[in-house]
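Undergrad: Chains as they are written, first to last, in full-length UniProt numbering: chain A, 1 to 215; chain B, 1 to 215; chain C, 1 to 215; chain D, 1 to 215.
No lab work stands behind these hints: they were computed from the structure. These figures come from a predicted structure and were not determined experimentally. Check the hints yourself; a few may be wrong.
To be verified - For lysine-lysine, the following PhoX-like pairs were computed, each having C-alpha atoms within a straight-line distance of at most 25 Å: (1) K125/D <-> K120/C; (2) K120/D <-> K125/A; (3) K171/A <-> K125/A; (4) K125/B <-> K120/A; (5) K133/B <-> K61/A; (6) K120/C <-> K61/B; (7) K171/C <-> K125/C; (8) K61/D <-> K61/A; (9) K125/C <-> K120/B; (10) K61/C <-> K61/D; (11) K125/B <-> K61/A.
Claimed, not checked - Here are a few chain D residues that sit away from chain A, every Cβ distance over 12 Å (derived from the structure): (12) M72; (13) G78; (14) I167.
Unchecked claim - Derived CB-CB ranges, DEER-like: (15) S143/B <-> R211/A: 27 to 37 Å; (16) P10/C <-> I167/D: 54 to 64 Å; (17) P10/C <-> W97/B: 52 to 62 Å; (18) S143/D <-> D99/C: 36 to 46 Å; (19) Q30/B <-> S55/A: 20 to 30 Å; (20) V160/C <-> R82/D: 52 to 62 Å; (21) R211/B <-> D99/C: 37 to 47 Å.
For glycine and all other residues, C-beta sits at the position ideal for the given N, C-alpha and C.
There are 4 protein chains.
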Amino acid sequence: MSQILPASIPATLFHERADAIAEAARELAQHGWTPATSSNFSMRVDADHAAITISGRDKGKLGRDDIMLVDMHGKAVGTESRPSAETELHTQVYRHWPDINVVLHTHSRTQSVASRLFAKDGVVKLEGWELQKAIRGHTTHESALDIPVFPNTQHMPELVAQVDAWIESGKPLHAYLINGHGIYTWGHDMAEARRHLEALEFLLGCELDLRRLNA
Amino acid sequence: MSQILPASIPATLFHERADAIAEAARELAQHGWTPATSSNFSMRVDADHAAITISGRDKGKLGRDDIMLVDMHGKAVGTESRPSAETELHTQVYRHWPDINVVLHTHSRTQSVASRLFAKDGVVKLEGWELQKAIRGHTTHESALDIPVFPNTQHMPELVAQVDAWIESGKPLHAYLINGHGIYTWGHDMAEARRHLEALEFLLGCELDLRRLNA
Amino acid sequence: MSQILPASIPATLFHERADAIAEAARELAQHGWTPATSSNFSMRVDADHAAITISGRDKGKLGRDDIMLVDMHGKAVGTESRPSAETELHTQVYRHWPDINVVLHTHSRTQSVASRLFAKDGVVKLEGWELQKAIRGHTTHESALDIPVFPNTQHMPELVAQVDAWIESGKPLHAYLINGHGIYTWGHDMAEARRHLEALEFLLGCELDLRRLNA
Amino acid sequence: MSQILPASIPATLFHERADAIAEAARELAQHGWTPATSSNFSMRVDADHAAITISGRDKGKLGRDDIMLVDMHGKAVGTESRPSAETELHTQVYRHWPDINVVLHTHSRTQSVASRLFAKDGVVKLEGWELQKAIRGHTTHESALDIPVFPNTQHMPELVAQVDAWIESGKPLHAYLINGHGIYTWGHDMAEARRHLEALEFLLGCELDLRRLNA
Chain A
1 MSQILPASIP
11 ATLFHERADA
21 IAEAARELAQ
31 HGWTPATSSN
41 FSMRVDADHA
51 AITISGRDKG
61 KLGRDDIMLV
71 DMHGKAVGTE
81 SRPSAETELH
91 TQVYRHWPDI
101 NVVLHTHSRT
111 QSVASRLFAK
121 DGVVKLEGWE
131 LQKAIRGHTT
141 HESALDIPVF
151 PNTQHMPELV
161 AQVDAWIESG
171 KPLHAYLING
181 HGIYTWGHDM
191 AEARRHLEAL
201 EFLLGCELDL
211 RRLNA
Chain B
1 MSQILPASIP
11 ATLFHERADA
21 IAEAARELAQ
31 HGWTPATSSN
41 FSMRVDADHA
51 AITISGRDKG
61 KLGRDDIMLV
71 DMHGKAVGTE
81 SRPSAETELH
91 TQVYRHWPDI
101 NVVLHTHSRT
111 QSVASRLFAK
121 DGVVKLEGWE
131 LQKAIRGHTT
141 HESALDIPVF
151 PNTQHMPELV
161 AQVDAWIESG
171 KPLHAYLING
181 HGIYTWGHDM
191 AEARRHLEAL
201 EFLLGCELDL
211 RRLNA
Chain C
1 MSQILPASIP
11 ATLFHERADA
21 IAEAARELAQ
31 HGWTPATSSN
41 FSMRVDADHA
51 AITISGRDKG
61 KLGRDDIMLV
71 DMHGKAVGTE
81 SRPSAETELH
91 TQVYRHWPDI
101 NVVLHTHSRT
111 QSVASRLFAK
121 DGVVKLEGWE
131 LQKAIRGHTT
141 HESALDIPVF
151 PNTQHMPELV
161 AQVDAWIESG
171 KPLHAYLING
181 HGIYTWGHDM
191 AEARRHLEAL
201 EFLLGCELDL
211 RRLNA
Chain D
1 MSQILPASIP
11 ATLFHERADA
21 IAEAARELAQ
31 HGWTPATSSN
41 FSMRVDADHA
51 AITISGRDKG
61 KLGRDDIMLV
71 DMHGKAVGTE
81 SRPSAETELH
91 TQVYRHWPDI
101 NVVLHTHSRT
111 QSVASRLFAK
121 DGVVKLEGWE
131 LQKAIRGHTT
141 HESALDIPVF
151 PNTQHMPELV
161 AQVDAWIESG
171 KPLHAYLING
181 HGIYTWGHDM
191 AEARRHLEAL
201 EFLLGCELDL
211 RRLNA
């Protein structure tokens with residue numbers, strides 16, 4: 001299915017975003033973080049549009065044609081392709097923070113297991129790890145980094161409302177887990193979003209290891 | 001040993017199936033799911049025949065010549081090559097579900113360990129995981145997904161009878177484990193069969209992790 | 001340092017062996033089974049000689065020039081290169097079983113940890129695993145497979161004597177672990193030796209997993 | 001930002017060092033030991049200078065232009081690039097041991113978790129592992145190898161002082177961990193430094209495994 005672009009979006013701009021998403025997806029798939037066609041990835045195109053992965057594609061074999069345009073409420077623009085069911089969680093981030101340009105959602109075993117383990121607390125507290133410094137605004141291992149864990153639901157508006165409530169409470173939010181599911185994180189550009197994702201995958205894995213060691 | 005095809009099967013059709021099997025096998029071998037020449041893979045060719053891996057070959061180095069033709073009772077057709085000892089478990093699936101076209105059997109460490117751990121229950125119950133939605137017909141993490149674990153035996157008819165008994169009981173069946181051995185799963189096409197396999201490998205791994213964490 | 005061959009050994013024969021060893025070493029190194037220049041690999045060249053890896057080389061980058069000739073008592077032949085300190089453990093196998101042509105010694109984390117865990121028992125008992133059938137002469141998961149664990153020593157004759165004592169006791173021997181060290185296994189050809197190595201690495205990993213799960 | 005070299009350092013010498021660092025970094029990144037732009041690597045250039053990775057670069061994609069020159073107190077020389085915050089820990093090693101030419105600092109999950117687990121003891125004691133022989137000067141598994149674990153701090157002079165105190169106490173030092181952070185190790189050349197790093201990663205992993213097994 002071909003993508004028809006609004007007049008305000010040059011083809012080169014959309015292709016640039018689509019290629020960047022496809023490249024990142026392939027590399028993240030190689031880590032095993034996108035099993036069984038799960039996970040989705042997006043980039044802001046302009047104030048009103050984002051490019052996002054089409055639902056159900058194998059993330060390890062993604063190309064430009066597997067990316068589509070949506071508006072900031074998650075509706076398809078200029079295509080009959082179906083965006084991920086979770087597209088609203090991406091556009092929520094773009095609406096809330098105008099300087100965020102990339103949103104990544106993956107589904108690694110570590111992320112899924114951590115989400116189940118910490119679901120009863122509603123949060124993963126990361127403390128004492130040097131790699132917390134990979135998260136924007138964190139300059140020392142001595143601060144704490146809270147990653148909320150929201151209950152899973154197939155009804156997107158409920159998930160959106162949970163994220164909104166956390167943001168409105170005034171607590172910082174760099175990423176969140178959904179129980180039994182995976183992680184959402186983001187950044188000002190692809191490099192920052194991937195640094196956040198890599199750091200959080202690493203830190204969640206360390207926390208699981210410490211618990212396995214009863215430490 | 002060369003493969004002689006029945007007049008009803010064009011060489012291009014058989015080669016297409018053989019190449020698809022060999023490609024999938026090489027990719028699954030790279031994950032480490034086919035240790036020591038274990039595992040076997042097949043595709044339906046027509047109503048009466050399937051293409052299947054020849055016994056004992058290194059699955060990481062599979063080519064078209066490592067695939068042979070069998071009838072729907074697992075007997076070699078047009079070749080003196082020996083099919084896997086477990087070929088009857090493949091043809092049983094093709095006989096039972098005419099719209100299933102691919103059967104995959106792998107032997108990962110996670111699958112083997114899970115089969116031993118859950119053997120006493122006779123089933124692995126998967127609940128609360130978003131990735132259950134990767135299994136055909138599952139649209140929510142809230143439903144349960146039961147994967148039976150059958151006792152191992154070197155006598156194939158016993159294994160066939162165990163699978164038949166489960167099917168005849170009317171319970172859904174998307175995959176099964178054999179104790180101390182590995183997993184069987186299938187799909188309408190290669191993409192679906194691989195999605196099922198990837199999702200189940202992931203979910204079994206998550207369940208083992210939760211138990212290691214006493215969670 | 002160049003290798004001078006005895007008149008009885010054609011250069012093509014030695015090169016064939018050296019290339020086969022180097023290829024296997026590179027592939028096993030990719031699995032992470034040869035950390036920090038550890039591990040050694042050999043192939044029989046004729047009744048009186050074997051080709052073996054030179055001491056201290058990076059097994060992931062091995063080429064033909066990293067292989068040397070030794071006699072059946074582990075002494076260098078036609079070269080000033082130094083063979084592995086453990087060469088006598090290879091030639092012991094060739095002397096004892098004239099139809100064994102390949103010996104592999106690796107040093108994976110699973111092998112090292114298993115050797116420490118089972119050292120007090122002096123043996124790893126493998127039972128109930130389908131993959132035991134990958135070991136020559138084993139046709140069912142119902143038989144038991146015993147892998148002895150010998151105490152480590154830097155004094156090779158002691159290790160040789162321990163292996164001799166096991167063989168002389170009449171118990172079958174397909175492989176052995178050395179405590180805190182790694183595994184030795186072998187085969188009639190490279191394919192069989194690698195199948196044994198892959199199967200044992202897998203089965204030791206499964207046994208460790210079951211213990212981690214208190215199963 | 002371009003690098004201007006002092007007259008005493010030929011461009012070919014600096015490029016040789018930069019290329020060697022970049023190649024090692026890429027290979028270590030492939031193991032997953034440098035998550036989220038963490039880790040840093042250096043080589044001595046002459047008695048007064050070292051080449052070191054520029055802060056914040058993705059270690060998996062490092063090239064010659066990601067390496068800069070510093071003096072032996074960690075100050076940038078001939079460039080406005082910013083060296084890693086931890087550069088002083090590298091130059092401390094070069095100042096103390098004139099025959100050490102390579103320093104490697106990585107940040108694997110095993111290293112981070114081990115640093116937290118052993119922080120209360122202040123040391124990891126490695127005993128009974130054959131791979132201890134990969135550390136310079138160790139000829140048997142029977143000796144003990146102590147790797148200190150220092151508390152983490154964002155104030156470099158404190159870290160430098162902790163390392164100095166250990167050295168001045170007369171105890172051997174081949175590597176150290178920083179709590180919640182990673183490992184520092186070194187060697188006379190790149191091959192030795194990498195052998196030390198690989199061996200220590202392996203041995204720390206084995207120690208964690210033994211504890212997971214309550215062994």
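Undergrad: So, for every hint listed, does it hold in this structure?
TA: Cross-check of the supplied hints:
1. K125/D <-> K120/C: Status holds; Cα separation ~21 Å.
2. K120/D <-> K125/A: Holds: K120/D and K125/A sit about 21 Å apart, inside 25 Å.
3. K171/A <-> K125/A: 13 Å, holds
4. K125/B <-> K120/A: This hinted pair holds, its Cα atoms lying about 21 Å apart.
5. K133/B <-> K61/A: 20 Å, holds
6. K120/C <-> K61/B: Cα-Cα ~39 Å, so violated.
7. K171/C <-> K125/C: Holds. K171/C to K125/C sits at ~13 Å (cutoff 25 Å).
8. K61/D <-> K61/A: 21 Å, holds
9. K125/C <-> K120/B: Roughly 21 Å between the alpha carbons, so the hint for K125/C and K120/B holds.
10. K61/C <-> K61/D: 21 Å, holds
11. K125/B <-> K61/A: 31 Å, violated
12. M72: 25 Å, holds
13. G78: Since the minimum Cβ distance to chain A is about 26 Å, G78/D lies beyond 12 Å and the statement holds.
14. I167: 23 Å, holds
15. S143/B <-> R211/A: 27 to 37 Å: 29 Å, holds
16. P10/C <-> I167/D: 54 to 64 Å: 56 Å, holds
17. P10/C <-> W97/B: 52 to 62 Å: 58 Å, holds
18. S143/D <-> D99/C: 36 to 46 Å: 40 Å, holds
19. Q30/B <-> S55/A: 20 to 30 Å: Because 26 Å falls inside the window, the suggested range holds.
20. V160/C <-> R82/D: 52 to 62 Å: 57 Å, holds
21. R211/B <-> D99/C: 37 to 47 Å: 44 Å, holds
In terms of the numbered hints stated before, the structure departs from hints 6 and 11, listed from lowest to highest.
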